[in-house]
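Asker: As given, the protein sequences belong to chains A and B, one line each in that order. Heads up: the first sequence begins at 1 in this note's numbering, then just goes up one per residue. Heads up: the second sequence begins at 1 in this note's numbering, then just goes up one per residue.
If you're looking for bench data, these hints aren't it; they were derived computationally from the structure. Heads up, a few of these hints could be off.
[As the list claims (entries may be wrong)] Per label pair, the in silico range of CB-to-CB distance:
| hint | chain 1 | residue 1 | chain 2 | residue 2 | range |
| --- | --- | --- | --- | --- | --- |
| 1 | B | 264 | A | 271 | 19 to 27 Å |
| 2 | B | 70 | A | 200 | 16 to 24 Å |
| 3 | B | 150 | A | 326 | 56 to 64 Å |
| 4 | A | 257 | B | 68 | 48 to 56 Å |
| 5 | B | 150 | A | 184 | 22 to 30 Å |
| 6 | B | 35 | A | 201 | 35 to 43 Å |
| 7 | A | 209 | B | 204 | 21 to 29 Å |
| 8 | A | 93 | B | 254 | 52 to 60 Å |
All C-beta atoms in this analysis are idealised placements derived from N, C-alpha and C, irrespective of residue type, glycine included.
2 protein chains.
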Amino acid sequence: MGEPSVGRQLPVAVDAMGGDKAPAEIVAGARQAALDLGIPVMLVGRPDELGDTSGMEVVAASEVITMDDDPGQGVRRKKDSSLVRAAEAVRDGRALAMVSAGNTGATMASALLRMGRIRGITRPAIATPIPRPGSAPALLLDAGANAECTPGMLVQFAQMGAAYATVLHGTPAPTVGLLSIGEEKSKGTPLVKETHALLAGIPGMNFVGNVEGRDVLPATVDVVVTDGFTGNVVLKTLEGALRFFMDALGSVLDTDESTRTAAAVLLPHLEPLAAAFDPENTGGAMLLGVDGVCVISHGSSSARAIASAVQVAHDVAVAGLVGLLKQAVSQPVE
Amino acid sequence: MGEPSVGRQLPVAVDAMGGDKAPAEIVAGARQAALDLGIPVMLVGRPDELGDTSGMEVVAASEVITMDDDPGQGVRRKKDSSLVRAAEAVRDGRALAMVSAGNTGATMASALLRMGRIRGITRPAIATPIPRPGSAPALLLDAGANAECTPGMLVQFAQMGAAYATVLHGTPAPTVGLLSIGEEKSKGTPLVKETHALLAGIPGMNFVGNVEGRDVLPATVDVVVTDGFTGNVVLKTLEGALRFFMDALGSVLDTDESTRTAAAVLLPHLEPLAAAFDPENTGGAMLLGVDGVCVISHGSSSARAIASAVQVAHDVAVAGLVGLLKQAVSQPVE
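Start from the sequences and build out the full structure, keeping to the hints where you can.
Answerer: Printed below as a string of structure tokens:
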């Protein structure tokens, strides 16, 4: 996306108080983005808890929405929270985009209530990258914003996911698959069957039909569309299985002197794979459908993860993501 | 379960014509079960295609339901198929149980139409083992028999899954978890929320509440209950991810001379893990809720997988699985 010229660009608002390692790691990540990547950053939070903020804009917010807060109530009651203030900065045109590693539900609620929905969008969805070592990640959506969905919502998720893949990865006509339990269009729930029929009729969409669980990793399509219940279960299943295998492999490599010697030989070759699946590198999930750019980072985000998230937020904002989403869903669905 | 005394026991009916490697590998697996495990076997299929069947009973069936056949139509039209005849052998008390690696839908339909449902069961479900290296596998059900479910069906799946875990693994009070997108009972779809409320009220059930995708592998409960759409997607996601990681690891180990030397050191330590996740060793999935024992093996089953399946079918049949399922669901649900 080229080198941003600091001073002429709006900053990315970072919720400094959200995440397991907030504020220290969040501030450190924001600093990495500002200094190493040259992306202007706006830190939102309690100024006296942020430590050294030199070189970054600070917007004071006296409250914090915690992981235990109910998302809707938190946003309504804590009007001076870092999350709400970050969303307002985007709404008011003072920030290009927002990033938070805090309460996911509250991040969605803040973005939705302050930025509003894109006209015509029924519900926003969370798009999560699925790593594909050696090429651009695939996207899975909805990853958990909406436990219950209608066919019309899934069609919009497909449209938004395809637009996002185009912006993020430069894929001109991303392939879109609908997650089901068989490739035939007769397979699945009524929701899936109705959605299949609708997607097949959308001009310009590169819809390849149903895909199955085994098409998620390795992903056989650029965009995997599903309801937020299935999507969330699938992603957490992958997350758990990945950790399980990494731990099991780690134990094998650490068995004794001979395996540790073997491990030293293998580690340089294993690193690219581990890096591809390190959530620190993916920059987080994107809330699609709100009238602004909102990146939802993992709660455990370190400085590096936050810097990646700021980079993604910046890149898709300057590439005009929201405008492309508006175009994408202005096409007739039926 | 002790050594069966051949001659006093009914055989396990094996669909010799079902599976990617049928009939050769199926017959070879049946022979392993008969000779090595001492379990009497009844081969069902076209006698002149089965090769050497010495030491095994053969029941002639002139037709084959293929992978391309519609399950319901296949069973209705091909009345002399190996699948239908195997199910009839169980129904008529000539076989203890049936095993097939053929068309899964047709296997379910044959069992359902010929054996019938257990009284009170709304719909049978497929219970699939999830390996837990070092201990008994967990069970996930429904793995795909019913894309759409009601709360009452999920409660029966929980009851049947718990009874099966008890029979198969000797777990006296298996822990049962309901797959959702958050641990709180307020999380998930209306189906999940209603099921949660029902399960919490069932006396004697060791219901631990909602579990998430990351609780599937490694499994944190003995029985994971979900609808057949989610269950099928989750299992196929795991299957795909497992193959992906094994392939990626294999590539790393085979990079050059030095990694191949390191691999030789590690392989003995990796083998137990690989064996635990080798579908050949798990014996296949179980159709629970029909009035008889029916094991559904993977289409790619080799001789060893079939022998494992015959072993499991035999063991749970002689342990009285169907009787225990009948008891389990005779408890009041609401």
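Asker: Are the hints correct? Go through all of them and say.
Answerer: Here is how each hint holds up against the structure:
| no. | hint | in the structure |
| --- | --- | --- |
| 1 | B:264 / A:271: 19 to 27 Å | 21 Å, holds |
| 2 | B:70 / A:200: 16 to 24 Å | 22 Å, holds |
| 3 | B:150 / A:326: 56 to 64 Å | 40 Å, violated |
| 4 | A:257 / B:68: 48 to 56 Å | 55 Å, holds |
| 5 | B:150 / A:184: 22 to 30 Å | 24 Å, holds |
| 6 | B:35 / A:201: 35 to 43 Å | 58 Å, violated |
| 7 | A:209 / B:204: 21 to 29 Å | 45 Å, violated |
| 8 | A:93 / B:254: 52 to 60 Å | 55 Å, holds |
Hints 3, 6, 7 from the list above are not met by this structure, while the remaining hints are.
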